[in-house]
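Undergrad: Protein chains in written order, with my numbering: chain A, 1 to 276; chain B, 1 to 439.
Rather than coming from a laboratory, the hints here were simulated on the basis of the structure. Check the hints yourself; a few may be wrong.
Just some of the chain B residues that point at chain A, by a computed CB distance under 10 Å [stated by the list, open to error]:
1. E74
2. P77
3. E81
4. T92
5. E266
6. E285
7. L329
8. Q383
Heads up, simulated DSS-like pairs for lysine-lysine below, C-alpha to C-alpha not over 27 Å straight-line [stated by the list, open to error]:
9. K427/B x K136/A
10. K136/A x K164/B
11. K431/B x K42/A
12. K39/B x K333/B
13. K287/B x K159/B
14. K324/B x K42/A
15. K164/B x K42/A
16. K427/B x K65/A
17. K136/A x K324/B
18. K333/B x K133/B
19. K42/A x K60/B
20. K327/B x K65/A
21. K65/A x K60/B
22. K70/B x K65/A
23. K227/B x K87/B
24. K42/A x K159/B
25. K65/A x K361/B
26. K427/B x K227/B
27. K227/B x K65/A
28. K87/B x K136/A
29. K39/B x K136/A
30. K42/A x K333/B
31. K293/B x K254/B
The model shown is predicted, which means the values in this text are computed figures rather than measured ones. C-beta atoms are modelled at their ideal positions from N, C-alpha and C, and glycine is treated no differently.
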Amino acid sequence: MTTALKRYGLGALAIAVTIVVFIIPLAFMALTAVKDRREAAKLDFSWPTTFNFLENFQDVLSARKFMLVTAFINSTILTVVSVTILVVLAAMVAWILQRRRSRWNGVANFLILSGLIIPPAVVPTIWVLQSMGLFKTLPGLILIEVAFGLSFCVMLFRAFIASIPKELDEAAVIDGCGPVRLFFRVIFPLLRSVIITVIVVQSVHIFNDFQNPLYFLPGDANATVQLTLFNFQSQFTTSYNLLFMNILLITIPPFIMYLFFNRQIVAGMTAGAVKG
Amino acid sequence: MTTSNRRRWTSLAVGVTALAVALTGCGGGNASGGGGGEKTITWLVDNTENTVTYAEQIAKDFTAANPTIKVEVETRPQGGEGDNIVKTRLSTGDMADLFSYNSGSLFHQISPEQNLVPVTSEPYMANVSDSFKPVVTAGKEIYGVPVGTGNAGAVLYNKKVYEKLGLSVPKTWSEFLANSRKIKEAGTDPIIQTYQTTWTSQLFVLGDFANVAKADPDFAANYTANKAKYATDPAAVKGFEHLEEAAKAGLFNKDYASATYAQGLEKLANGEGAQYPILSFALPELKVTFPDKLNDIGLFPLPGDDASKNALTVWLPGGVYIPKSTKNLDEAKKLQAFIASKAGCDSQTKAVGANGPYLVKGCDLPEDVPAAVKDMLPYFEDQSKNSPALEYLSPVKGPALEQITVEVGSGIRSAKDAAALYDEDVKKQAKQLNLPGWN
């Protein structure tokens, strides 16, 4: 009896907590998104009296000359390209750092750590971008996202590469494998679980990034999805129904991603966690 | 590991790298649109629904009048984030051709002399109201034209509730309290306070400034010079005292601590609450959310002690400025001239209706303005019946006022104590601005 209670009680508790933490906010979001403006302004958890899903959806989509559509395209390019570069670059750096001991290792490790510790400054970064002609361009922002995410990814990869036996590299080299081929054909495929972790964590992070696009990519044509939230919210006037509809729309992509990659994330996290 | 798996990963890696290179290569700028004598200028405005709507209407009407110039409206957030954007873009030389920004003390913080193009001698400055010019002046030069309407920090009240109880608009603080008590007896919340949205708590102090200025015309100058203090000036401390008095008398709505600005407006519109000390910037929100109730809402200034000196605290509109970095100076000036003309006001009225008086000469308000705007007009027309808010007259404004007034309104801190604490709070800022008399 008590064991059954223990087993099911704990499960039920976990489910209840999940509902409170995840489902209720989601339901609140969805309900507010279909209300009309006056009802939404109350910000209460109630069943809408009228359903305005289509109207709200159209309003959000067409606001500021279909800014949301541009924003989705921009955000998709930004996320896909940044994450791709991040994965390849971070894996390469981590591999070299882990496998080749030299006196530069200390310096490189220090730089990677400082990337995590030192907060980025906006104005000097803009100067650098301006001097390279990259300011206000998507490639400029991609480089910024890569730079800010690199430290974290390198550390994840390093921890995992430490668990791959060095003999594998040696065997490949003896068989006549060059460094590039060794990396792409032997090491890179082995990193699969960490790669998925990095992809998921970083793409959610970059997709949801607000600060960097705000400062480094100004202009309506360059908007990313998080910036579209500002179309409906301001100090004196806020259309909560449209705001929540917008939130709902831009929450869907990361949500789907989590659903698909959920299992792999946990595997990837634990794979890199035990060895350092 | 099978061969096919390996091959797939390799091709994936090669593919994405190629894609990355292609994308980074082709993203270059296409900033200015085409030839044929047509030019596009950009105008950065804040993202309020109201602002964006009228800015786009102005852009459209301006292009209709000047077919060779197109105006692109860009938006930025408000508040601290917006200040940072404006400062960042100015200091990196990347500002739009024109931008809207606050007048008064915030205007001085963007180093106008260093960053902006002076427009003192432009012919269109003759259209700008003289009461606006001082708040966009730095040194000897004027830098901006007004956009949007004047606003007030005052009490919005529900006329239906007043009518039902046979009350008249209070001219003094004691009348205001008497009215409030009657409203409470009738079962309606007399004064709406919404402390979850902290800025709304400051109105008792900020909106009371016209009374301070009428009682002591030199207060602003003395305050800037560190000679007058909120805690020691008998007129200035009144704002804090009134807030404390109202709180002690239990005249607030029960949920004042957790209510939000949006909920406050709803209470006011539905008549659950009778009086809401707030900025008249709330009128556009009332207009879109409660269009049928808009004309139930009236406005009166926060009353002081002397009925004959009852005056309205005025918030002047923001300015439109041209940064020195612009490459389209002539076109930008043309747009400025358009904004500072009757045609400019008319486009704004067409887009969002008039939410207050314009600060451009010759701009009349239409007949069908909201009741609260009508209540505002007599005070605006007579200089002796209004005063700009302190933030337009003195650069000294502490960051913690809203927290302090929340404490007073919640009964945690006494008025005297709060005024003294606020005086401490402004010290840091005055020292940062390096004002004479503070070090």
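Undergrad: When you check the alpha-carbon spacing of K42/A and K60/B, does it fall within 27 Å?
TA: Judged against 27 Å, a Cα distance of about 35 Å means the pair is violated.
Undergrad: When you check the alpha-carbon spacing of K324/B and K42/A, does it fall within 27 Å?
TA: Violated, at about 45 Å.
Undergrad: If you draw a straight line from the CA of K136/A to the CA of K324/B, is it 27 Å or shorter?
TA: 19 Å, holds
Undergrad: Hey, K327/B versus K65/A, does the alpha-carbon distance stay inside 27 Å?
TA: Judged against 27 Å, a Cα distance of about 26 Å means the pair holds.
Undergrad: Hold the hint about E81/B up to the distance rule: shortest CB distance to chain A must be less than 10 Å.
TA: This hint holds: E81/B lies near chain A, its Cβ roughly 7 Å from the closest one there, short of 10 Å.
Undergrad: Is K65/A close enough to K361/B, meaning Cα to Cα at most 27 Å?
TA: 33 Å, violated
Undergrad: CA of K65/A to CA of K60/B, is that 27 Å or under?
TA: 14 Å, holds
Undergrad: Tell me if the interface restraint on Q383/B is satisfied: Cβ within less than 10 Å of some Cβ in chain A.
TA: It is violated, given that the least Cβ distance between Q383/B and chain A is near 27 Å, above 10 Å.
Undergrad: Run the distance test for K136/A versus K164/B: straight-line Cα separation, threshold 27 Å.
TA: 58 Å, violated
Undergrad: Hint check: K70/B vs K65/A, CA-CA at most 27 Å. Holds or violated?
TA: Measuring from Cα to Cα gives roughly 16 Å; hence the hint holds.
Undergrad: Are the Cα positions of K333/B and K133/B separated by 27 Å at most?
TA: 17 Å, holds
Undergrad: With the threshold set at 27 Å, check whether the alpha-carbon distance from K42/A to K333/B stays at or below it.
TA: 43 Å, violated
Of the hints listed earlier, those the structure fails to meet are numbers 7, 8, 9, 10, 11, 14, 16, 19, 23, 25, 27, 30, in rising order.
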